[in-house]
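S.K.: For this one, chain F is given, so just place chains S, V and X on it according to the hints.
Chains as they are written, first to last, in our numbering: chain F, 634 to 767; chain S, 634 to 767; chain V, 634 to 767; chain X, 634 to 767.
Misleading hints may appear alongside valid ones.
[What the hints assert, rightly or not] Think about it this way: if two alpha-carbon atoms lie no more than 20 Å apart in a straight line, the pair counts; the simulated SDA-like pairs of lysine to any residue are:
| id | chain 1 | residue 1 | chain 2 | residue 2 |
| --- | --- | --- | --- | --- |
| 1 | F | K699 | S | H694 |
| 2 | F | K699 | S | R754 |
| 3 | F | K699 | S | P752 |
| 4 | X | K698 | V | T720 |
| 5 | V | K698 | X | P752 |
Worth flagging that the hints you see were computed from the coordinates, not collected in a lab. The model shown is predicted, which means the values in this text are computed figures rather than measured ones.
There are 4 protein chains.
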Amino acid sequence: MIKNDHVIKIYYRDVDQMGIVYYSRYLEYFEEARTELLVSLGLDVPSIEKEGVKLPVVTSHCDYKKGARLEEELRIETFIDKTPKATLLINYKISNNSSGEINVTGYTKHAFIDNESHPIRVPNFIKDKLAKYF
Amino acid sequence: MIKNDHVIKIYYRDVDQMGIVYYSRYLEYFEEARTELLVSLGLDVPSIEKEGVKLPVVTSHCDYKKGARLEEELRIETFIDKTPKATLLINYKISNNSSGEINVTGYTKHAFIDNESHPIRVPNFIKDKLAKYF
Amino acid sequence: MIKNDHVIKIYYRDVDQMGIVYYSRYLEYFEEARTELLVSLGLDVPSIEKEGVKLPVVTSHCDYKKGARLEEELRIETFIDKTPKATLLINYKISNNSSGEINVTGYTKHAFIDNESHPIRVPNFIKDKLAKYF
Amino acid sequence: MIKNDHVIKIYYRDVDQMGIVYYSRYLEYFEEARTELLVSLGLDVPSIEKEGVKLPVVTSHCDYKKGARLEEELRIETFIDKTPKATLLINYKISNNSSGEINVTGYTKHAFIDNESHPIRVPNFIKDKLAKYF
Numbered sequence: 634m635i636k637n638d639h640v641i642k643i644y645y646r647d648v649d650q651m652g653i654v655y656y657s658r659y660l661e662y663f664e665e666a667r668t669e670l671l672v673s674l675g676l677d678v679p680s681i682e683k684e685g686v687k688l689p690v691v692t693s694h695c696d697y698k699k700g701a702r703l704e705e706e707l708r709i710e711t712f713i714d715k716t717p718k719a720t721l722l723i724n725y726k727i728s729n730n731s732s733g734e735i736n737v738t739g740y741t742k743h744a745f746i747d748n749e750s751h752p753i754r755v756p757n758f759i760k761d762k763l764a765k766y767f
Numbered sequence: 634m635i636k637n638d639h640v641i642k643i644y645y646r647d648v649d650q651m652g653i654v655y656y657s658r659y660l661e662y663f664e665e666a667r668t669e670l671l672v673s674l675g676l677d678v679p680s681i682e683k684e685g686v687k688l689p690v691v692t693s694h695c696d697y698k699k700g701a702r703l704e705e706e707l708r709i710e711t712f713i714d715k716t717p718k719a720t721l722l723i724n725y726k727i728s729n730n731s732s733g734e735i736n737v738t739g740y741t742k743h744a745f746i747d748n749e750s751h752p753i754r755v756p757n758f759i760k761d762k763l764a765k766y767f
Numbered sequence: 634m635i636k637n638d639h640v641i642k643i644y645y646r647d648v649d650q651m652g653i654v655y656y657s658r659y660l661e662y663f664e665e666a667r668t669e670l671l672v673s674l675g676l677d678v679p680s681i682e683k684e685g686v687k688l689p690v691v692t693s694h695c696d697y698k699k700g701a702r703l704e705e706e707l708r709i710e711t712f713i714d715k716t717p718k719a720t721l722l723i724n725y726k727i728s729n730n731s732s733g734e735i736n737v738t739g740y741t742k743h744a745f746i747d748n749e750s751h752p753i754r755v756p757n758f759i760k761d762k763l764a765k766y767f
Numbered sequence: 634m635i636k637n638d639h640v641i642k643i644y645y646r647d648v649d650q651m652g653i654v655y656y657s658r659y660l661e662y663f664e665e666a667r668t669e670l671l672v673s674l675g676l677d678v679p680s681i682e683k684e685g686v687k688l689p690v691v692t693s694h695c696d697y698k699k700g701a702r703l704e705e706e707l708r709i710e711t712f713i714d715k716t717p718k719a720t721l722l723i724n725y726k727i728s729n730n731s732s733g734e735i736n737v738t739g740y741t742k743h744a745f746i747d748n749e750s751h752p753i754r755v756p757n758f759i760k761d762k763l764a765k766y767f
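So here's chain F without its partners, still in its complex pose:
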């Protein structure tokens, strides 16, 4: 398994009229957290794109358990549980960084495409980076 922890803080821009984080913001947090996971593997987005590869999201899913509020710190745990085949599955758990109470869980699924947007197999340079974890 590959795992990364990333902590963020909630600002006014994130919070809606109910006083809780607006539901689409969690997909932005997911993106931030998986970027940091990929960076920790030596797979920052510019490096991946320099190889002519993109990882577009093909599915996103969020289960909202508890609204997060202004100035809370959230821990985003990001997991890759298995070697990608046609797609890469990334799981997320977002919880309050003090209490541990869970706010959101979810996942994203990513395809591998080339510069002409054609689906491709998992590129070797990505496979190599992931191999040692499984």
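M.R.: Quick look at chains S, V and X alone, frame taken from chain F:
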């Protein structure tokens, strides 16, 4: 079945470095479209909240089929297929308004809560508005 | 003078914990409105970019008069008062579409650059489109 | 003078089709940075609001010097240069955290209002926190 169609247009703010709509924006489009569906039923958000009721999202799900591009017009079809029980399920299909090609499908699930954030049964004023469609 | 009117509606995604539109959203509304003004002149963004020209924002300014609330309809009036020289100045007035009460006024200033991001003079195809209004 | 430095990183969500940060995002960065400045003074937003005070933005201004790109780190320097009278003026300078090259400068002006949205004088608890810096 309850169904509403809503057309939007894509602007620069929506589009990322790949030249396609950033993935979290679709949840904003879903919100806009379901608001219009609810308005068409006489259930605008301020009216619902005046009754002391909120419909927080408990799940969101998107399947991304094809990236939408700058200045495209998108048709968002919003469906309620069945009477809500504990939760209300709303389905979405987003497609190019000219070609009909599908960009995104997805759904959101909503709980009913009162002002103290306690889960409640489907309120009668909502049941009544939906009843004639099923 | 060139003038365009554009009406938008406020959704949950736009509104913060104070119950009013979050301040950066107005820059998105400005972009939507100036895009529609430019489209009305035959200057949609893809057409401009096809000519190898971009109009990056070099300055933005907003004066916030009155917070706009959920489900309000806002009228965005967009003005070009004078022929662009080095930069194009666009003015905005956002008001409640029923009462006429002003929410926000502001402006954006745009440079003209080529594909290598070098500043260029106002391109002729843009000058021609604007000429008849001044 | 009061000054705070805050570093952020640019993610995909922030970047538009030109490959640079979309112009409204800087107002979100300003908000994040001024929140951290206020926190450093013991003036976090929930504390201020608990006193029945809000600091709505009445003016925002940005000068965009150079587009910031994906995965760049930006340093946001936030300044309060003088004691607030009717309004509080906050200045910002955003630059590349490695090269020091400036991306954006700007300011926001904030009013003081009570819970009924009436303008009020600078509250004493805020004056006291700021006094020692001037």
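S.K.: All hints are to be evaluated individually against the structure, with a verdict given for each.
M.R.: Right, here's what the structure says about each hint:
Taking the CA atoms of K699(F) and H694(S), the gap is near 17 Å; set against the 20 Å cutoff, the hint holds. Only pairs whose Cα atoms come within 20 Å are accepted, and K699(F) paired with R754(S) is accepted, the gap being roughly 19 Å. Taking the CA atoms of K699(F) and P752(S), the gap is about 12 Å. The hint holds against a cut of 20 Å. Pair hint K698(X) plus T720(V) holds up; C-alpha atoms about 14 Å apart against a cutoff of 20 Å.
A hinted pair counts as satisfied when its Cα atoms are at most 20 Å apart, and K698(V) with P752(X) qualifies at roughly 12 Å.
In this structure, none of the earlier numbered hints is contradicted; all agree with it.
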